[in-house]
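All chains, full assembly: derive it from the sequences and hints.
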Amino acid sequence: MNDKWDTIIWDMDGTTLNTLDDLTVSMNYTLEMFNLAPHTVDEYRRVFGNGVRYAFEHIVPEGIEAELIDKMLPVYKEHYDEHCLDRTGPYDGIVDIMRELSCRGYKQAIVSNKIDSAVQELHERFFAGVVDVAIGERDGVKRKPAPDMVYEALKELGSTAAASVYIGDSEVDLATAKNAGLPSISVLWGFRDKGFLLEQGAVRFAESPTDIIELICSQSSVNS
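Here my numbering is used: the first residue of the sequence shown is -5, the next is one more, and so on.
Just so you know, the hints here were simulated from the structure itself, not pulled from any lab data. Glycine included, C-beta positions come from ideal geometry on N, C-alpha and C. A couple of the hints might just be wrong.
[What the hints assert, rightly or not] Derived pair list, reagent style PhoX-like, types lysine-lysine, alpha-carbon separation capped at 25 Å:
#, residue 1, residue 2
1, K188, K65
2, K149, K136
3, K149, K188
4, K172, K(-2)
5, K172, K65
6, K172, K149
7, K188, K172
8, K(-2), K71
[To be verified] Estimated spans, in silico, between C-beta atoms of each pair:
#, residue 1, residue 2, range
9, E115, K136, 36 to 44 Å
10, D187, Y48, 13 to 21 Å
11, R93, Y48, 50 to 58 Å
12, Q194, N29, 33 to 41 Å
13, R93, V69, 34 to 42 Å
14, V35, D205, 24 to 32 Å
15, G57, S202, 42 to 50 Å
16, D64, C211, 40 to 48 Å
17, C211, P55, 46 to 54 Å
18, G189, Y48, 20 to 28 Å
19, D110, K172, 22 to 30 Å
20, F199, N29, 24 to 32 Å
21, V35, D133, 37 to 45 Å
22, Y23, E61, 19 to 27 Å
The structure is reproduced here in structure tokens:
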């Protein structure tokens, strides 16, 4: 098996973009539209990463029927699509690192359980010309931690799992990387802390974006 990396698969929320405030506002807007109590940023931090339905299922009071969540999802989608850029931005140093990796010849993609329309808008706003492919939750592609999004990204990039590494901030990302057969790097500026990630089996950590450069280039097949 090739242990050299030339391709990077990035998570979005909590890894490349700090989306927490905009996600919280749209979630609370939706809850209030259905006469449900809002929640705090810290409460949401623990449930984001596995798709919006999962977030609603784990934040609404017990006993809420699935049919009500079905009605909430389009309300959330419409609000978030309109407001996903209000407070969201890249983590400090991330775009510079991505640009440097691109200049060094690495292929890059973003895969996210976020609604695909928002993923495309955010990709275009912050990462166009740097990250080649962006894939969000869409019909016909199973969301993470299934490996399907990763496989689709690798296909579009013309890359292989053997030459790729996955970078994320959550247990969902660790499971996604494992299911896709990729090694992973866990960032420590996102939605989960190091203790939790260690419990989930994380072995490589980046405390800052510059750590990513060091970890990746130590395994690089680019220009070698």
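Status of the hints after comparison with the structure:
Distance check on the hinted pair: K188 and K65 sit about 36 Å apart at the alpha-carbon level, beyond 25 Å; violated. Distance hint between K149 and K136 is fulfilled; the C-alpha atoms sit about 15 Å from each other, no more than 25 Å. This hinted pair does not check out: K149 and K188 have alpha carbons roughly 32 Å apart, beyond 25 Å. For the hint pairing K172 with K(-2), the CA-to-CA distance comes to about 17 Å; that is within 25 Å, so the pair holds.
Note on K172 and K65: the hinted pairing is violated, with a Cα-Cα distance of about 33 Å set against a maximum of 25 Å. Proximity of K172 to K149 is assessed by CA-CA distance (about 18 Å); at most 25 Å being required, the pair is judged to hold. With a C-alpha separation of about 18 Å, the suggested pair K188 and K172 falls inside the 25 Å cut-off, and the hint holds. Under the criterion of a C-alpha separation no larger than 25 Å, the hint pairing K(-2) with K71 is inconsistent with the structure, at around 39 Å.
Separated by about 22 Å at the C-beta atoms, E115 and K136 break the suggested range of 36 to 44 Å. Under the hint 13 to 21 Å, the C-beta atoms of D187 and Y48, about 20 Å apart, fit the expected range. In this structure the hint that R93 and Y48 lie 50 to 58 Å apart at CB is violated, the actual value being about 32 Å. Between Q194 and N29 the Cβ separation comes to about 36 Å, which falls inside the hinted range of 33 to 41 Å.
Between R93 and V69 the CB atoms are about 37 Å apart, so this pair conforms to the stated range of 34 to 42 Å. Distance hint check for V35 and D205: the Cβ-Cβ separation is about 25 Å, which falls inside the suggested range of 24 to 32 Å. Judged by the Cβ atoms, the range 42 to 50 Å given for G57 and S202 holds: they are separated by roughly 43 Å. Between D64 and C211 the CB atoms are about 46 Å apart, so this pair conforms to the stated range of 40 to 48 Å.
The supplied range of 46 to 54 Å is met by C211 and P55, whose beta-carbon atoms lie about 48 Å from each other. Between G189 and Y48, the C-beta spacing of about 22 Å keeps the proposed range 20 to 28 Å intact. The given range of 22 to 30 Å is respected by D110 and K172, whose C-beta atoms sit roughly 24 Å from each other. At about 42 Å, the CB distance of F199 to N29 disagrees with the hint of 24 to 32 Å.
Range check, V35 to D133: about 30 Å between beta-carbon atoms, so the 37 to 45 Å window is missed. Checked against the hint of 19 to 27 Å, the C-beta distance between Y23 and E61 comes to roughly 20 Å, which is consistent with it.
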